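Colleague: Residues per chain are reported as follows:
Protein chains: 4
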Amino acid sequence: MSDIGGMSGERKPFRRIRLGMVGGGREAFIGGVHRIAARLDDRFTLMAGALSSDRVRARESGADLGLDPKRCYDDYRKMAQREARLAEGIEAVAVVTPNHLHAPVAKEFLRSGIHVICDKPLTGTLREARGLAAAARKSSARLIVTYNYSAYPMIRQARAMIRDGALGALRIVRAEYAQDWLAAPLEREGQKQASWRTDPARSGGGGAIGDIGTHAFQLIGFVTGLRVARLSADLDSFVPGRTVDDNAHIRLDFAEGARGTIWASQVAVGCENGLSLRIFGEKGALSWSQEEPNRLVHAPLGEAPRLVTRGGAGAGAEAAAVTRVPAGHPEGYLEAFATLYREAADAILGAPTSGETLPGLADGYAGVAFVDACLRSGRADGRWVVPALDPP
Amino acid sequence: MSDIGGMSGERKPFRRIRLGMVGGGREAFIGGVHRIAARLDDRFTLMAGALSSDRVRARESGADLGLDPKRCYDDYRKMAQREARLAEGIEAVAVVTPNHLHAPVAKEFLRSGIHVICDKPLTGTLREARGLAAAARKSSARLIVTYNYSAYPMIRQARAMIRDGALGALRIVRAEYAQDWLAAPLEREGQKQASWRTDPARSGGGGAIGDIGTHAFQLIGFVTGLRVARLSADLDSFVPGRTVDDNAHIRLDFAEGARGTIWASQVAVGCENGLSLRIFGEKGALSWSQEEPNRLVHAPLGEAPRLVTRGGAGAGAEAAAVTRVPAGHPEGYLEAFATLYREAADAILGAPTSGETLPGLADGYAGVAFVDACLRSGRADGRWVVPALDPP
Amino acid sequence: MSDIGGMSGERKPFRRIRLGMVGGGREAFIGGVHRIAARLDDRFTLMAGALSSDRVRARESGADLGLDPKRCYDDYRKMAQREARLAEGIEAVAVVTPNHLHAPVAKEFLRSGIHVICDKPLTGTLREARGLAAAARKSSARLIVTYNYSAYPMIRQARAMIRDGALGALRIVRAEYAQDWLAAPLEREGQKQASWRTDPARSGGGGAIGDIGTHAFQLIGFVTGLRVARLSADLDSFVPGRTVDDNAHIRLDFAEGARGTIWASQVAVGCENGLSLRIFGEKGALSWSQEEPNRLVHAPLGEAPRLVTRGGAGAGAEAAAVTRVPAGHPEGYLEAFATLYREAADAILGAPTSGETLPGLADGYAGVAFVDACLRSGRADGRWVVPALDPP
Amino acid sequence: MSDIGGMSGERKPFRRIRLGMVGGGREAFIGGVHRIAARLDDRFTLMAGALSSDRVRARESGADLGLDPKRCYDDYRKMAQREARLAEGIEAVAVVTPNHLHAPVAKEFLRSGIHVICDKPLTGTLREARGLAAAARKSSARLIVTYNYSAYPMIRQARAMIRDGALGALRIVRAEYAQDWLAAPLEREGQKQASWRTDPARSGGGGAIGDIGTHAFQLIGFVTGLRVARLSADLDSFVPGRTVDDNAHIRLDFAEGARGTIWASQVAVGCENGLSLRIFGEKGALSWSQEEPNRLVHAPLGEAPRLVTRGGAGAGAEAAAVTRVPAGHPEGYLEAFATLYREAADAILGAPTSGETLPGLADGYAGVAFVDACLRSGRADGRWVVPALDPP
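Protein chains in written order, with the numbering used here: chain A, 1 to 392; chain B, 1001 to 1392; chain C, 2001 to 2392; chain D, 3001 to 3392.
I should point out that these hints are in silico values taken from the structure, not numbers from a laboratory. All of these numbers come straight from a predicted model, not from anything done at the bench.
Pairwise CB distance ranges (calculated):
| no. | chain 1 | residue 1 | chain 2 | residue 2 | range |
| --- | --- | --- | --- | --- | --- |
| 1 | B | 1190 | A | 392 | 51 to 59 Å |
| 2 | A | 169 | B | 1316 | 42 to 50 Å |
| 3 | A | 255 | D | 3068 | 52 to 60 Å |
| 4 | D | 3163 | C | 2243 | 27 to 35 Å |
| 5 | C | 2381 | B | 1066 | 54 to 62 Å |
| 6 | C | 2376 | D | 3255 | 23 to 31 Å |
From the structure, some residues in chain C lie toward chain D, with a derived Cβ separation under 10 Å:
| no. | residue |
| --- | --- |
| 7 | 2249 |
| 8 | 2253 |
| 9 | 2258 |
| 10 | 2261 |
| 11 | 2267 |
| 12 | 2270 |
| 13 | 2280 |
| 14 | 2298 |
| 15 | 2299 |
| 16 | 2305 |
| 17 | 2384 |
By construction, the Cβ of each residue, glycine as well, lies at the ideal position given by its N, Cα and C atoms.
Can you build the whole structure from these sequences, using the hints too?
Modeller: What follows is the structure, encoded as structure tokens:
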């Protein structure tokens, strides 16, 4: 089990990374999650923010968090420029704005040599993603995308088992991401989260596919290593008046011969945050659900299924490396998110082994390309579309 | 709770129906299930059989069951003709042969005025189904198809709740039927069940879609009342050398505007008989799984989900009518199958209310048309196909 | 998988045993269960009954079941005497009366040389049990007690695993049997089942401990082979006015050194028929719940727990011998009950191997002695009591 | 949902409390948990520590955490005295030593006017607890005991529902705390955690009852408000050579008339951290398990059970107040622990409402008295013992 700040045997000189944040002021959601995640393993100190573009809210939101008022900005450009010049300026920035701002904000900080930890999807549109890709290539700083679900210990376990051949050749991948919080027209009641996420201008065109479908897509790639050769998407907008998809059925044909499906829905009544993944190979199967993240069911062909638990006897090194407390002491969403931040800290400080599991430009770009392909297929009555998943 | 032979308040003069069986000899599977189902509520007596076309096996199989040797046939035609003439000849026959024999056998008995209780799918091909439909229309006898999963008490409960508006307008229907018994090439080892079910000539062309996909299709219609307007099917044969599908992803567009999917697989390692159904409407959702059939989860929009159990406080009249033992005393597969036989007995004896829930020609024909449409869509890379679900 | 009437390889000349029944008329519960159980595997034919001591009800109840009116008795003594003399008289009788009548009825039939299949508990009082034991010893006929839960396939599996040492020396046994149907004073509303079960004169003194606690007690012995050296019982009557226990906490010290507990309750709101068993040894543990009877969790020390399913890869010969349909097709309460009848048939016909799993006088007597010891301990504020479990 | 640092509507001037720690150096477990918990909601800054009594380990452990070397002590007395005099000395200290040191350390800091956040059990012996109670009464500083399980949102929900009468008069309380990590003689292999926890001199005499049984005991009182009138305990030491209990069955008679049981075991193979609580009243029941902490099952008498989830429609204000992320995003062990620290911060800063849910001297003392009573009952073959639960 881990002690604070790293696993035993991996100790290194203690050092906190100076962090800034863009977005995440009062009434925002994901900003608070990023702050807890950054703090949990004690690898970051939040020192500056452009928490809002509204001057008063920016200042008050900073005060809530104990920030130095001089480092509470209402303009992310000023923040990037000034922090880059400070002797003890921020080394990394968390970008937690609505999707359409990811690209301009991230580019600004990358240009200033400040590492970017960006919420997903990477950008709202494929065009923005291309521009950001170019900026990232030119920058000495890292671009990290918080596909947080890939940091769950049992997801790491699943990835390792598949890589090591426990399932043989893969045949079928079934992913779901079902929620119900948009089952009613919340956006018409002025709910802030609902408003921007159902507004194509701010979300980037995708609704459920961008907000949650990309998580499922990334998770499939992360765990299986399979590559999507083509896809077909049926998109629905069940709630009257809604102009983005709130339900999507997506079929995936993998280059390796396997078949996959993603169901992403935000109108699935009774589903809270129902992200699940089932993978079937010729020699076995794995099943995992985000709402019970500490367990992974492994069914070897012709044997009784096994319940592999975080911290338990069946869990291997990859899971152990991101485990903080013993088996039976549930770790959850925030811990997995914090693991991404821990790994980001390692990457920023140049630890050699961290790159493999940390989502960056490639994952981020592929996610935007996935949404783009889904939108194209959806508009064409579900015809097969070949997504261009690699950044230019 | 029910006493034997019928619910209290529904008693009628005791009378057992004389039953015959075609197929179901030694080493067969589903024949034994039909016999238990017929016997469980004491509404039938098995009196004759063409249990095998092999003379010795037919006789020995009959002896195993205590049949009068004179009523053990090796030819179903002779059986139909002779039994129809006997004073105490059979009144109904269970047809439990491989699929390709359903049509000729059923036609023979219908022609003889003997009621037919036929295993699903109704026939192997749509052409046979058309012929059988014609025969059924001409006969005074009933044609019943054992879509047994529609007889589970909690399925009856779900159907009643949807009919009564508990879910509002339906939006999404997700059905799965996942097994793993064909994950390896069992048919090459001479396993009898695997052999005929993977042989297009005997199965009728469909593999998983015919064997289990039709169950999911029928269940969707039974529970929701929705009508499929078009469908798209991706069919796979993952096991090398297999010539029928062993995995299918099917999309359904319903005439009423809802979307549906069926996943039918016989290579889903770790899945035993994983038939499940989830239905989402604008006001609520229902979730049911055949492997835990005594419970139904009802999630009303904006309220805590409820666990409705067979015999429990949340179950209504439709569920109670097919419940034998109190809540917490699990009823299973055989009891649901027996309920179909009980309702078949009521129908044969002319009870007025039984027709609604008893699958007959319409369900049977629609199932074959569904398989046919899936095969056509599958051959055309999943293009949308409009199935002709009504018998001519 | 089994075909009807016995497992493959175990076929024998087909022969149905002629069965009678005492108790089980209209409005009774367990009589109907016994009849389905007797019929399910086609090993018995019900031919006679003293279904009620009320003449009209006896006759009408018999007519409901298609019995010959001449063999519908209103006096079990007459029935025993007359049937014993008939050429084709009954060979066995099911005793499904309230507890206080078990002893006199069973004795009468044993004296007549007719095999007795008696519901549990064997008798209402220890004194009656002694008398019945003496009668059983003198009779050529068999005495069988329907401790039906011991016939579940996964219970057979658990028993075999423990016998074969999979758990090592046993340490802790935790059994529960929790229901809620007596949480309110149902007996005051004239509910028939509640009335006799809460009436000490008809139940025998025990409430929950006799009605359901004995099941848990028998199941522990059946599965573990452990022997209770002493016990301590805290009995409660939570519902005002109730004179028998409706809740019991019982501690068991086993002769072999293990510790056990039984919780039996009929006021546990939300529990339907919550019989569960957990057994912990030095090398592993097993966990089973009657409401999901087709699965058994096996946790080997230091390994990931396994899910053993009826019909699945982890199930052995003992489970297979009492399995009718394949894995994933749930078998339930009635099937397990039917297995006892199947084994009773084998025993009556003299099959050599059936005796071991079939509960008889020893189990029946021990159950009554258990209730007696619980009542004594309960009256003495839970002091330790040594039960005399062996029949004299 | 909560933003970071407090719920909306509860904002207050941002201020971090200066925290010290005694114990919790390298290889310790619970110290790391306290540090994450203190940090998660950003209400504390760790500034000093006596992390070990070994000078080198104290310094190195401090360096791991980025502590100022001048504030890394190897003697808690020196630490208390010096920090009390520093202008920016610590305001509170976390005590995370083995049990036998809790009393002397806590007394030292209380005497210095420094708030104490002490791990459970409060002390090793009742005598120490009396001394600490006296010290606490004399001090202006607060004594807080980290009974962390009482901070789970669904536990708060359960407490509120019972207080508000949802269950009516309580009848039965069933608590379990089952682990398996001491199923083998780990203490003989030099495992540090096992060594002190099975050493009566350092644990205080209790084994499983002190380590985990107290958690269950405290949780029962916290959730139900019931008061134990007497108890009876059967203690086992199953592992050869072990001198403290590794398994305990405890019966509780509550003053209000309800009955309770606790099963605490550290040899229950297959159980990881199986703390569960079931509570049955005349009008309903609640069921909760720590390993799936985000759900609470509520069974109202005569209605379908409901699944109440953290953040979901059925959760009330008490649960919402300690909820950080939306429903379906699992919160776990560390979040609940952090909630205690958040509430400790509120209490230290004088927030008026925090006292009620924060365990302090009373809970701490009662826990030690509970262990003491169990040991006395256990030595007397389980006789009933009246515990003196109130501090003198």
